[in-house]
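Undergrad: Using the sequences and the hints, build the whole thing.
Numbering-wise (the numbering used here), the sequence shown opens with residue 442 and increments by one.
Honestly, I wouldn't trust all of these hints.
To be verified - With a straight-line Cα cutoff of 30 Å, these simulated DSBU-like cross-link-like pairs (lysine-lysine) come out:
no.	residue 1	residue 2
1	Lys525	Lys722
2	Lys664	Lys518
3	Lys457	Lys743
4	Lys606	Lys457
5	Lys715	Lys525
6	Lys743	Lys664
7	Lys723	Lys743
8	Lys518	Lys723
9	Lys722	Lys606
10	Lys723	Lys606
11	Lys723	Lys457
12	Lys743	Lys518
13	Lys664	Lys723
14	Lys743	Lys606
15	Lys525	Lys457
16	Lys664	Lys715
17	Lys525	Lys723
18	Lys606	Lys664
19	Lys457	Lys664
Rather than coming from a laboratory, the hints here were simulated on the basis of the structure.
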Amino acid sequence: MKNWIERMKYTMNSAKRGNRFVFLLILFSVIIVNVMGIILSIQERTLTTVQSILFSQVVLISLPIILYFVFTRANVKNTLLLHKMDTINVLLAIGIGIFIQPFLGLINLLSQIFFENQIAGTIEPLLQQPLWLLLTLVAVLPAINEEFLLRGILLTNYEHVPLVKAALMNGLFFGLLHQNANQFTYAFAMGIMLFLLVKITGSVYAGMIVHFIVNGTNMVLAKLLTVLQNIFSSFVESDAFVTAQTSEVSVLSALPLYLVMTLFSLPLVYLFYKIAITHNKKQHLFTKKHVDQDTLEGPKRKVFDGYVIGSIILFLIIFFLNELLPLLLPAA
Numbered sequence: 442m443k444n445w446i447e448r449m450k451y452t453m454n455s456a457k458r459g460n461r462f463v464f465l466l467i468l469f470s471v472i473i474v475n476v477m478g479i480i481l482s483i484q485e486r487t488l489t490t491v492q493s494i495l496f497s498q499v500v501l502i503s504l505p506i507i508l509y510f511v512f513t514r515a516n517v518k519n520t521l522l523l524h525k526m527d528t529i530n531v532l533l534a535i536g537i538g539i540f541i542q543p544f545l546g547l548i549n550l551l552s553q554i555f556f557e558n559q560i561a562g563t564i565e566p567l568l569q570q571p572l573w574l575l576l577t578l579v580a581v582l583p584a585i586n587e588e589f590l591l592r593g594i595l596l597t598n599y600e601h602v603p604l605v606k607a608a609l610m611n612g613l614f615f616g617l618l619h620q621n622a623n624q625f626t627y628a629f630a631m632g633i634m635l636f637l638l639v640k641i642t643g644s645v646y647a648g649m650i651v652h653f654i655v656n657g658t659n660m661v662l663a664k665l666l667t668v669l670q671n672i673f674s675s676f677v678e679s680d681a682f683v684t685a686q687t688s689e690v691s692v693l694s695a696l697p698l699y700l701v702m703t704l705f706s707l708p709l710v711y712l713f714y715k716i717a718i719t720h721n722k723k724q725h726l727f728t729k730k731h732v733d734q735d736t737l738e739g740p741k742r743k744v745f746d747g748y749v750i751g752s753i754i755l756f757l758i759i760f761f762l763n764e765l766l767p768l769l770l771p772a773a
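TA: So this is what it looks like as structure tokens:
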């Protein structure tokens, strides 16, 4: 009887189920996006950037999350870790959200040496929108949906997987979800750090706070730069202003600044994590001797399974078609 209960527990909540769900979500998004593209092409129509983001967030992420609970009948509150946070945890999450950004920016810049920034063209038209709409689309919706998916459903399904392995897999899936090489690099790092924070605090809200601050800060700064450009362009001839825009600081020249900021900010992030571990009494998670009792008693299961491989293959196909193939084909 005891063995049957253990088997049921692992069937209901397992890395395999988490992997399968995220793989199906990625597969679903790839199929739907391509079908939509064909339909819109036939109708000679295109979606606006706002419509595209709303579609991806609501149809491609929110809907699968709802269907997950419909089919699994899992407890929503426990699966999504909808647990209250005290003031100290909120302040720590805010601090991490602020001081983690130079590190993520450094990774982003390094990746742009090898990969094109795929979202730059998407963000530019968004900057013409009101700030509240910009923050809703780029900061609020992703912070809710992606945290529910990765630091809610996937994290909970990995509850009996060793911490380091679970963190790496969470970062991997977070990177794969973005479906381009540039974003994969810093999303992978961010996914690991958000996983650890949610694991320490026991609340998905911690991940949401950091996620919102990171995305929101970038959008506010981008919007501010656009406003300043519009102001100063009225005092400068348009041709001169265009020239000034095209002579941007190169990625390589920006690296030293981000490196210095990272050297100052990353120790603070580490300190915030240490305080969070002590405050939440989670020291046991980071000891070598710590192994979840259920992990010892439960059946051995692969974490890197066919669903993970399938997700990676889908990512590589998208990377080849969207990023490599255009470089290989002769320019029109």
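Undergrad: Now, for every hint given, state plainly whether the structure supports it.
TA: So, going through the hints one by one against the coordinates:
A C-alpha spacing of about 16 Å is found between Lys525 and Lys722, which places the hinted pair at or below 30 Å, so the restraint holds. A distance of roughly 36 Å separates the Cα atoms of Lys664 and Lys518; the hinted pair therefore is violated under the 30 Å criterion. Pair hint Lys457 plus Lys743 holds up; C-alpha atoms about 8 Å apart against a cutoff of 30 Å. Straight-line distance between C-alpha atoms of Lys606 and Lys457 comes to about 14 Å, which keeps the hinted pair within the 30 Å bound.
Under the criterion of a C-alpha separation no larger than 30 Å, the hint pairing Lys715 with Lys525 is consistent with the structure, at around 20 Å. The hinted pair formed by Lys743 and Lys664 fails the criterion: a straight-line CA distance of about 45 Å is larger than 30 Å. Taken as a hint, the Lys723 and Lys743 pair is honoured in the structure, with Cα atoms around 26 Å apart against an allowance of 30 Å. Of the supplied pair hints, the one linking Lys518 and Lys723 holds, its CA atoms being roughly 21 Å apart against a limit of 30 Å.
Note on Lys722 and Lys606: the hinted pairing holds, with a Cα-Cα distance of about 21 Å set against a maximum of 30 Å. Proposed proximity of Lys723 and Lys606 is supported: the alpha carbons are some 18 Å apart, at most 30 Å. Restraint check for Lys723 and Lys457: the C-alpha separation of about 26 Å stays at or below 30 Å, so the hint holds. For the given pair, Lys743 sits about 27 Å from Lys518 by alpha-carbon distance, which is consistent with the 30 Å threshold.
Taken as a hint, the Lys664 and Lys723 pair is broken in the structure, with Cα atoms around 39 Å apart against an allowance of 30 Å. Of the pairs offered as hints, the one joining Lys743 and Lys606 holds, with about 11 Å between alpha carbons and a cut-off of 30 Å not exceeded. At roughly 28 Å between alpha-carbon atoms, Lys525 and Lys457 fall within 30 Å of each other, so this suggested pair holds. Between Lys664 and Lys715 the CA atoms are separated by roughly 34 Å; this puts the pair beyond 30 Å, and the hint is violated.
About 17 Å separates the Cα atoms of Lys525 and Lys723, which keeps this hinted pair within 30 Å; it holds. At most 30 Å may separate the alpha-carbon atoms for a hinted pair to count; Lys606 and Lys664 exceed this at roughly 38 Å. Only pairs whose Cα atoms come within 30 Å are accepted, and Lys457 paired with Lys664 is rejected, the gap being roughly 42 Å.
Hint compliance for this structure: hints 2, 6, 13, 16, 18 and 19 are broken, all remaining hints hold.
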